[in-house]
Amino acid sequence: DTGVSQNPRHKITKRGQNVTFRCDPISEHNRLYWYRQTLGQGPEFLTYFQNEAQLEKSRLLSDRFSAERPKGSFSTLEIQRTEQGDSAMYLCASSPGTSGKNTGELFFGEGSRLTVL
Amino acid sequence: AQRVTQPEKLLSVFKGAPVELKCNYSYSGSPELFWYVQYSRQRLQLLLRHISRESIKGFTADLNKGETSFHLKKPFAQEEDSAMYYCALSGPTSGTYKYIFGTGTRLKVLA
Numbered sequence: 001d002t003g004v005s006q007n008p009r010h011k012i013t014k015r016g017q018n019v020t021f022r023c024d025p026i027s028e029h030n031r032l033y034w035y036r037q038t039l040g041q042g043p044e045f046l047t048y049f050q051n052e053a054q055l056e057k058s059r060l061l062s063d064r065f066s067a068e069r070p071k072g073s074f075s076t077l078e079i080q081r082t083e084q085g086d087s088a089m090y091l092c093a094s095s096p097g098t099s100g101k102n103t104g105e106l107f108f109g110e111g112s113r114l115t116v117l
Numbered sequence: 001a002q003r004v005t006q007p008e009k010l011l012s013v014f015k016g017a018p019v020e021l022k023c024n025y026s027y028s029g030s031p032e033l034f035w036y037v038q039y040s041r042q043r044l045q046l047l048l049r050h051i052s053r054e055s056i057k058g059f060t061a062d063l064n065k066g067e068t069s070f071h072l073k074k075p076f077a078q079e080e081d082s083a084m085y086y087c088a089l090s091g092p093t094s095g096t097y098k099y100i101f102g103t104g105t106r107l108k109v110l111a
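One line per chain: the protein sequences are A and B, in this order.
Numbering follows this note's numbering, in which position 48 of the first sequence is assigned residue number 48; successive positions increment by one, without gaps.
Numbering follows this note's numbering, in which position 63 of the second sequence is assigned residue number 63; successive positions increment by one, without gaps.
Chain B with its partners taken away, still in its complex shape (with noise of 0.2 Å):
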């Protein structure tokens, strides 16, 4: 089954300190993944993709398929990071062009 998981519905940490939001995922393929971000009242928006392998927001995330994980990571975190995180994929490479959702992880970074 396509599943994805995010186990921490809330996350708190200092500014400044390092920030891991945790994502696995359960695919039978090679499935695309995908970190999208929802700050408050705004639309839920593209952060990053494993594929381009880029940092955005100082957001850096590394797919493991041993693990089957695609964890996103940032160094140091900034007030302005607090969002609704959520972790995707989806499997072209199967055919289907459909994205599965985690349930999402709140980050909430206090001054």
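Here chain A stands alone, though its shape is the one from the complex (with noise of 0.2 Å):
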């Protein structure tokens, strides 16, 4: 396993456009997180699952983004109509959750860094 994989690693597109992210986590982590980055700051959390189930989201996150997690696996973020404030690093993590020896660890992924034009 070579740990939490984001793809793409980086997005330009126009303004008005839809982008998705994916997330694979470390395989039997069962929580799974969103944070997006930018500039100068720490991560800003999103939000997250556990298995499928979308257990909390941050009053940050507008309706124009989505987040996913259909089989417990892999995670999809949907960003639709991006706007130029969307523009930042989009970061993965997961932890073991309940499905085993659980530190509080997150264990994060390289990244996907959108530009909206």
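Among the hints, erroneous ones may be present.
[Stated by the list, open to error] Derived pair list, reagent style EDC-like, types lysine to aspartate or glutamate, alpha-carbon separation capped at 16 Å:
hint: 1; chain 1: B; residue 1: Lys98; chain 2: A; residue 2: Glu44
hint: 2; chain 1: B; residue 1: Lys98; chain 2: B; residue 2: Glu79
hint: 3; chain 1: B; residue 1: Lys98; chain 2: A; residue 2: Glu105
hint: 4; chain 1: A; residue 1: Lys11; chain 2: A; residue 2: Glu78
hint: 5; chain 1: B; residue 1: Lys98; chain 2: A; residue 2: Asp86
[Unchecked claim] Computed footprint of chain B on chain A; a stretch qualifies when at least three of its residues, placed anywhere within it, have a C-beta under 8 Å from a C-beta of chain B:
hint: 6; region: 39-51
hint: 7; region: 108-115
Hint data in this document are derived by calculation from the structure and do not stem from the laboratory.
C-beta: ideal position from N, C-alpha, C; glycine also.
Please dock the two separately framed chains into a single complex, following the hints provided.
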């Protein structure tokens, strides 16, 4: 297992287009998180899943953002009608949750960088 | 409101000097506190957790509930410690497993 994997690593799109990011967590991790990070800021919580259930969603997540984890394995984050303010690094992380020895550690992917022109 | 505050955006020290990266938090309940580190061109990774009370790469952090602080310390900085450091909290005892991060402090260790 090579860790948390995110695709694509970079995405450049025009304002108004839809984009989708994919995250493959570490196998047997049942919690999966999405964060957004802009320059000079720390990771900002967006949402998290336990298995396929989306348990919490930030109020900052507008209705243009939707995340899914249909089979409790990989997850997708879709942004509809992108705006320039959506330009950021989108980070995914996973943790064992209830599925194993949970130390509270989050395992992060390398991120997907979005640039909206 | 749940909040993590890291007052310094940048901290520069000379090699061999002591380091203290500040972290204050606001949380109603008993949070778990963490320090994460991001080295250049690497992904964010855990450095240490308050629960384990361990020293990692010479770094320690003590949770002070009275001052709501979790400062990261190292007695003698090394050049390889140069990185971005993020303080984070989670609140499993409150029924949520989300993590709140601070804005980060860039540590530069000068030769």
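For each hint, the structure was consulted:
no. : hint                  : result
1   : B:Lys98 with A:Glu44  : 11 Å, holds
2   : B:Lys98 with B:Glu79  : 33 Å, violated
3   : B:Lys98 with A:Glu105 : 12 Å, holds
4   : A:Lys11 with A:Glu78  : 12 Å, holds
5   : B:Lys98 with A:Asp86  : 21 Å, violated
6   : 39-51                 : holds (count 8)
7   : 108-115               : holds (count 4)
Taken one by one, the earlier hints fail for this structure at numbers 2 and 5, listed in ascending order.
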